[in-house]
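**Student:** Sequence:
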Amino acid sequence: MQFKNVLPVDRAGVLSALGYRGLPADEQTEAKLTAACHAVQQAAKPRFLYASFPLGAGLRLGTSETTLTGRDIAAHLAGCSSVLLLALTLGQRPEAAIRKAEATSVELAVLMDTAASTLAEQYANEAERQLRQQTETQGQFLTGRFSPGYGDLPIELQRDLLRLLDGPRAIGLSVSQSGILLPRKSITALLGIADHPVEGKLAGCDHCILFENCVQRKEGNYCGKPSL
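Numbering of the sequence shown is given in our numbering, commencing with residue 1 and proceeding in unit increments.
Source of the hints: derived by calculation from the structure; they are not laboratory data. Any given hint might turn out to be false.
Taking CB as the label site, the calculated pair distances span [what the hints assert, rightly or not]:
#1 Pro168 / Glu65: 12 to 22 Å
#2 Met1 / Gln177: 22 to 32 Å
#3 Asp152 / Thr34: 37 to 47 Å
Derived lysine-lysine pairs resembling DSS-like cross-links, with alpha carbons at most 27 Å apart [said to hold, decoys possible]:
#4 Lys32 / Lys45
#5 Lys100 / Lys32
#6 Lys45 / Lys4
#7 Lys45 / Lys100
Cβ coordinates follow ideal geometry from the N, Cα and C atoms, glycine included.
Using the sequences provided together with the hints, build the complete structure.
**Tutor:** So, in structure tokens, the structure goes:
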């Protein structure tokens, strides 16, 4: 599916991700940020797809052979009767544009890479908003997103999710042998579905695979907690 609305890159989000945290960027950086956001905006071809599966014993997805493992996803899906799988991508063109920029300006390439990651997250939020609205009109409710690699949910699950969604054929989204999404500016996630309001449960920093290198944690923040 294609998104109906074109989202502008969140400039403040890009600067925050780069460590500016509310501090003004210099004039040269602002100019390059404008160029980076424009280039990413022009290159991005965001598409997404989704499908729901009933949750069986052992968190098995419908009649498939895929089961969700780990105590964090079990806690997240507590009270849910089914799960919605979501996948989205900005396509291959942003990565090609970033590689081209690297030949002339590393700073511009870094800004473009961060802008593309930020934009992918924005479209994930928009897809979730649409799906949440659609689900609630049917008298059901969604948890927040929970992605493979978060907490103790194996990143290798990406492959199963894309197989179930037919990601390679539907939107050109595949996964490497190490579990990395290709194109890289892509996101997969699971959302629990219940017949009553549910929030899910964040895994917590202690179980996250990014624990050692997470910039947010080192600055006293964590996923789900607004930065100060």
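**Student:** Lys32 and Lys45: Cα distance at most 27 Å?
**Tutor:** 22 Å, holds
**Student:** Are the Cα positions of Lys45 and Lys100 separated by 27 Å at most?
**Tutor:** Roughly 18 Å separates the two Cα atoms, so the pair holds.
**Student:** Is 37 to 47 Å a correct range for the gap between the Cβ atoms of Asp152 and Thr34?
**Tutor:** At 41 Å between Cβs, range holds.
**Student:** Next pair to validate is Lys45 with Lys4; report whether the Cα-Cα distance is within 27 Å.
**Tutor:** Roughly 12 Å between the alpha carbons, so the hint for Lys45 and Lys4 holds.
**Student:** How does the Cβ-Cβ distance of Pro168 and Glu65 compare with 12 to 22 Å: does it lie in that range?
**Tutor:** 18 Å, holds
**Student:** For a C-alpha distance cap of 27 Å, please report whether Lys100 and Lys32 respect it.
**Tutor:** Within the cut-off at roughly 15 Å; holds.
**Student:** I want to verify a distance hint. Is the separation of the beta carbons of Met1 and Gln177 within 22 to 32 Å?
**Tutor:** At roughly 28 Å between Cβ atoms, Gln177 and Met1 fall inside 22 to 32 Å, so the hint holds.
Of the numbered hints listed earlier, not one is contradicted by the structure.
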